[in-house]
Amino acid sequence: MGNSLLELDEVQKDYRIRSFGRVIRTTKALDKLSLKVEKGQIFGFLGPNGAGKTTTIKCITGILQSDAGSIKIEGENIEENSFVNKNKIGFLPEQIGLYGNLNCFETLAFYAGFYDLNENDIEKRGSNLLKILGLKKDSKRPVREFSLGMKKRLALAIALLHEPQILVLDEPTSGLDPRGVKALRSVLRELNQEGLTILLSSHVLSEVQEICTHVGIINNGKLIRQESIQKIREKVQKTAIKLSLRVKNFDKDNREDLTQKKGVNVIEENDLGKHQQIILRLKEKLIPWVTNNLVSNDVQIFSIEPQDTSLEDVFMMETGGGNED
Amino acid sequence: MKISRRLNQWNNLKTWQPLIIAISLIMIIAILHKAHWELNTETNPIDTWKGKKVTNDNNETNINFPENIGDSITFKGILMTSPKFEVYSNDSIVLGEYSKDEALVYDENLYGKTIINLSGMRILVNGDLSGEFFESEIITVKAYVIENTSYYTENGQNITLNREGWEAIPEDIHLASDTDYYFFGTELIILAIGSYYSLNRIPNLKNQLGFAKHLALFEFKRGLKAPRMIVLGSFFTIFIVGIGWLLGDLQNSTSVFAVTSGNDGLLRLSYFSFFVVSLAAIAVSVDTIHKERQSNTLNMLLARPINRETIVLGKALGLTMVVGVPAFIAQVLGLYFMTIAGEMPTIGCMLAFLIFGQIMIFTMVTFQLCLAISAKNGADVVIYGLGAWLLFSVVWTLLVYAVSFVIGIDVSAQNFENDPEYQAIASRLALLNPGFVYQMAVGLFAHRTISIDFEGVPGWLLLLSLVLWPLTCLRIATWLFKREMRG
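Line by line, the protein sequences are chains A and B.
Residue 1 is where the first sequence starts when you use my numbering, and the numbers rise one by one after that.
Residue 326 is where the second sequence starts when you use my numbering, and the numbers rise one by one after that.
Be aware that a few hints might be false.
Residues from chain B shown here face chain A by an in silico Cβ test under 8 Å; the list is partial [to be verified]:
id : residue
1  : L524
2  : N525
3  : P528
4  : N529
5  : F536
6  : A628
7  : R811
Result set (DSS-like, lysine-lysine): computed pairs, CA atoms no more than 27 Å apart in a straight line [unchecked claim]:
id : chain 1 : residue 1 : chain 2 : residue 2
8  : A       : K222      : A       : K252
9  : B       : K425      : A       : K72
10 : A       : K124      : B       : K807
11 : A       : K88       : B       : K531
Just so you know, the hints here were simulated from the structure itself, not pulled from any lab data.
Here the structure is a predicted model, which means the values were calculated and not measured.
No residue lacks a Cβ here, since even glycine has one placed at the ideal position from N, Cα and C.
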């Protein structure tokens with residue numbers, strides 16, 4: 001088990017569509033999903049829409065119950081002693097639901113009532129969190145008057161109030177302005193430095209790349225890759241590299257010629273005016289073949305530059321270009 | 326294979342094993358209870374009464390029963406009439422008159438004796454039972470077959486009546502509840518033990534109860550401030566107080582709507598209370614789950630260490646308080662104004678009115694929660710809620726008419742509502758309506774015992790129904806909620 005904090009083992013989840021109480025259709029959301037999050041990690045959970053990210057998070061936080069498999073926190077099955085184990089989890093949902101008539105302190109006091117916290121703890125920790133998250137001066141205002149960013153910060157305060165061991169965030173930056181995104185990112189980094197393990201799902205790959213130490217990619221309810229960001233990059237680079245070529249006379253036929261070769265992908269074409277830019281993903285050993293092919297087809301090559309493989313490239317490769325649904 | 330599967334199922338029910346064992350034992354005791362009455366008493370006195378042979382021979386009338394003179398049978402039945410109206414006195418009988426119904430000739434020896442009507446059987450009791458027993462009470466009577474001879478005149482002819490009849494002494498008459506209470510007491514003790522051990526097996530019960538309280542208080546504070554509750558609360562308070570006053574005033578009236586006593590007034594007030602309070606109970610809980618789902622507050626709640634059962638329980642308790650507290654105040658005020666204008670009901674009846682009122686509200690809230698959880702959209706929620714209120718409060722009588730018609734009662738006949746068969750159906754169907762259960766339970770406490778018959782529905786069944794309604798609704802609501810939240 002090592003230093004594993006959260007461990008999902010072959011978790012399965014089907015959504016059932018009912019009519020008059022009878023199940024008329026089931027949709028597989030998670031298909032024997034397994035993943036591990038170790039203590040101190042910031043784990044980015046990636047996947048196209050409908051891949052099962054939110055379902056996984058809902059199963060971890062107990063909003064949904066899995067149909068099979070196990071979800072363990074510190075080696076203990078969450079559902080077996082959910083009272084103790086849910087205390088170890090803080091949760092920030094994508095869609096924030098707060099009672100509009102309550103103010104910050106009343107909101108914190110309401111959610112704190114479900115944890116072993118006395119009034120002093122609530123007051124002390126609540127004040128501290130509101131201060132860190134920049135809500136202190138608005139603490140007396142009813143939540144209905146808050147912007148989405150403020151609501152997210154308050155929801156984060158709720159998630160952190162009982163001092164969880166792992167913070168689970170579902171699309172934490174969705175709907176936030178760039179300043180809000182930056183502030184949230186900075187808070188998450190600080191919390192992680194203080195020892196908090198973080199699991200977050202996000203569509204913003206650059207954000208995951210920037211903040212996360214580890215990444216899991218999910219597609220069709222299955223985890224297809226889980227590693228540190230660095231290792232993923234290295235592995236991808238071993239199998240494929242990205243080249244940016246500045247060329248002239250590159251046309252449709254040249255493009256077809258290249259893409260017909262196994263292991264070569266034209267992923268971008270830009271018209272730079274005097275020249276054209278083409279970006280290729282290909283196996284390293286095929287570089288001579290590409291240059292020969294282009295030259296023999298009267299394409300003039302002005303420059304060849306290697307490009308960094310981004311998480312987005314990995315994501316696109318792993319998920320087959322992203323299944324928008 | 327089957328046995329091991331059953332064993333697995335049993336083991337999975339670990340928490341509820343003690344309660345299941347307790348309920349099984351209670352069922353066995355209930356069977357023994359029934360067997361006790363069937364083996365030791367005649368539970369259909371009318372059969373014995375119908376077994377008599379009346380023969381007319383010249384100037385002689387003979388009434389004979391299959392039983393021998395001196396034989397005794399303990400009968401168990403319902404007092405169909407109030408004994409205080411069945412005591413013979415010089416005002417109530419005409420000496421020398423032969424009563425076919427009572428199968429005897431009135432004479433001076435009957436003065437001070439009571440002829441009881443036990444489920445249709447006439448038994449002559451050698452004593453005055455007025456104030457001792459009351460109409461609708463279920464009693465046991467140890468009666469003996471006696472014979473005597475008396476004379477009467479019919480169409481100018483002197484006729485000798487050789488009569489066999491059933492007689493009893495007051496000491497041999499008891500409320501059935503004297504024995505029933507031993508059985509019910511044992512059952513309650515077993516239920517309490519089973520519940521105690523089952524509850525002890527629920528993980529973190531104390532914490533979960535604390536969460537339920539926390540959620541209930543939150544719902545209560547929030548609900549009281551809700552505009553719809555302010556409107557409905559004001560409306561039902563004015564309504565209950567006004568009706569209370571009116572019912573008190575009607576106790577001094579001679580109109581067709583006259584109220585006969587304080588208890589009668591309270592029974593009617595309980596119906597009117599149900600009429601308005603149930604609407605408020607449904608209105609406050611109509612969208613509770615749906616709205617939380619829409620606003621995503623439910624997900625925030627589900628992510629806490631609170632069980633799904635606790636969420637439903639907490640919400641049900643909170644919403645019950647939202648309606649229950651103002652309703653309690655309105656009911657107390659209604660009672661006060663009723664007693665100012667009229668007679669004071671019995672303490673038991675008043676307590677039942679107030680306490681069972683809270684149970685009724687809890688029932689309506691949990692019933693509506695079941696509908697609210699199942700509903701797929703806001704429109705469904707409102708339609709279900711309104712439908713439930715209309716069914717229980719307004720159109721129930723039509724439903725009873727329809728059922729009666731289907732089973733062959735002529736509902737177009739005049740005074741068909743006095744037909745015992747119709748009344749029996751109405752009583753039994755009333756158990757399926759929490760409003761009527763509430764009203765009848767209040768009526769039960771106007772009596773001194775639970776051995777009361779409400780047109781075929783015994784008092785214990787009424788109390789059982791009063792308890793089962795909220796528990797069943799709560800159980801179904803938690804089951805539906807867990808199913809819906811499972812995805």
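Subject >> Numbers of the earlier hints that this structure fails to satisfy, in rising order >> reply: Structure breaks hints 1, 2, 8, 9, 10.
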